[in-house]
Amino acid sequence: SALPPFQAAAIALVLGAVMAAQSPAVVVALRTELQADGPVCRTVLGVVVIADLVVIVLFTGSSALADAALGGAADPWSTALALAWELLGSLAVGTGLGGLVALYLRRVGHDAGLVIIVTAFVMAEVGHRVGLDPLLVALAAGAWYGQDAVLAALGGDKAALAEGKGKPPRGVPVIVAPTTVADDRLVLEAVGTGRANRSVMLRAEAEGRIAAMPLAAGQRFRAGDELLRIADTEERLLVDLAKTRLAEARRTLARMIQLKGRGAATTASLDEARTASEIAAIELGRAEEALADHVLRAPFDGVAGLPSVELGAWVDNAIAVASFDDRSVILVEFDLPEALLARVHAGLAVSATTPAVPNARFEGHVAAIDSRIVASSRSVKVRVAIPNPDDRLRPGASFAVRLELPGDRYPLVPELALQFGHGALHVWRVRDGKAEKVEVRLVRRREGAVLVDGPLAAGDAVVVEGTQRLHPGRAVTVLKATDGTG
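Just so we're aligned, residue 1 is where the sequence shown starts under our numbering, counting upward by one.
Where hints are given, some of them may not hold.
Quick list of the computed label-pair ranges, beta carbon to beta carbon [to be verified]: (1) ARG198 to ARG392: 13 to 21 Å; (2) PRO178 to GLU404: 21 to 29 Å; (3) ARG431 to SER376: 49 to 57 Å; (4) ILE319 to ALA254: 43 to 51 Å; (5) THR180 to SER376: 17 to 25 Å; (6) THR95 to ARG446: 48 to 56 Å; (7) GLU234 to LEU341: 57 to 65 Å; (8) ALA182 to PRO358: 28 to 36 Å.
Think of the hints as simulated: they come from the structure by calculation, not from any bench. Heads up, the beta-carbon is just placed ideally off N, CA and C, and yes, glycines get one too.
Could you build the full structure based on these sequences and the hints that come with them?
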């Protein structure tokens, strides 16, 4: 109420223009995020753009009026004429300038960026000197050259208008990469402890003093070779005694058979002689077995460990004499997650390394898979066999086992092609110059690429750059085809 009506109206116009200003960037961002391009979206965007244009014009006019009112201008008509010149002149000059720039770019096209920058500076300087608004000049020039805002406001389609004029439509520029097909091959690495193919702890079957000991640490023996002999003098005597008794029993049996044939012996006497002969044979077998127990022999082909006894020591079956290993094959066991059980089978090739033999890799295969899954760990024991023909590997060493697990074949696309929207993953496929939205399921990530499950075929071109402006059916222009790994 303290201001004159003319000044109050000028200030109200400026504030109203500021309050009415809207940003098309918000609508454009929502359109890109939602990938919407229907009539409603285009209408809303057009209305916002036109409203913003009107606000700019109103703001220019109201600011000029406010400047005149608050500055104490006495002649409203001169103020109106100056405002009309600023508005209409700026729009006219901008339209002409936009036409000249468009003509230059169509005819020449060289140094387009430099030309636009120089034009902007010249326009700002000249406009300031002759009383024009550089913002309105630039706005008019851009509207004449681009025409995007007008077409969006009318709900039109630049591609359709271009086709109506007999010109090919300009699509969204994109960079594509080809789809390939690859196996979902997994590499599993696990750690386990090696053990010998066969391993025993040697113990004597009899007790006594060690009389002979061919056993030595690291020495290789064949199955049945003598490793240790316990003093067996008494056992040998018992064997000789049993042999003598058996010979006597057999002679007695032979005589009884002859006498029985002449009728000089009874059947009972013959049976007693036969029983005595059989008992003597059994006693000889027992004596020979007792003598054999005094010799410790190699149970299979293998290598002896460090003996815990010496020649002349007293041993019995409670004393562990030495370890004995068959190191021709080293077995390594590790835990396999139950989710990978279906991919592992007997005979699957593996490779392994061990700190015991640095800078070396050993090949092997899956020898056996346990019949049960351990409920507490949800894993299953897998045994790997690694041949050891040169005897470089030792039981007890730690091994890092590596398995390549085969899998199904899936489309492989660059990682940049995978997009997320509306709660699902998708890629944009280019077919017949138009964009197609293909929903996929992520199978596995690889370096710079992803395996996906979806209706993609080898050779399909998928967009890796330029996806922000795409929607189903949108025309595209392929700028470059790449492998998508860069």
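Evaluation of the provided hints:
1. Checked against the given bound of 13 to 21 Å, the beta carbons of ARG198 and ARG392, roughly 18 Å apart, stay inside it.
2. Taking the beta carbon of each, PRO178 and GLU404 are about 25 Å apart, inside 21 to 29 Å as hinted.
3. The hinted window of 49 to 57 Å between ARG431 and SER376 holds, with their beta carbons roughly 52 Å apart.
4. At about 47 Å, the beta-carbon gap between ILE319 and ALA254 stays in the expected band of 43 to 51 Å.
5. Separated by about 41 Å at the C-beta atoms, THR180 and SER376 break the suggested range of 17 to 25 Å.
6. Checked against the given bound of 48 to 56 Å, the beta carbons of THR95 and ARG446, roughly 54 Å apart, stay inside it.
7. Range check, GLU234 to LEU341: Cβ separation about 59 Å, and the 57 to 65 Å hint holds.
8. The given range of 28 to 36 Å is respected by ALA182 and PRO358, whose C-beta atoms sit roughly 33 Å from each other.
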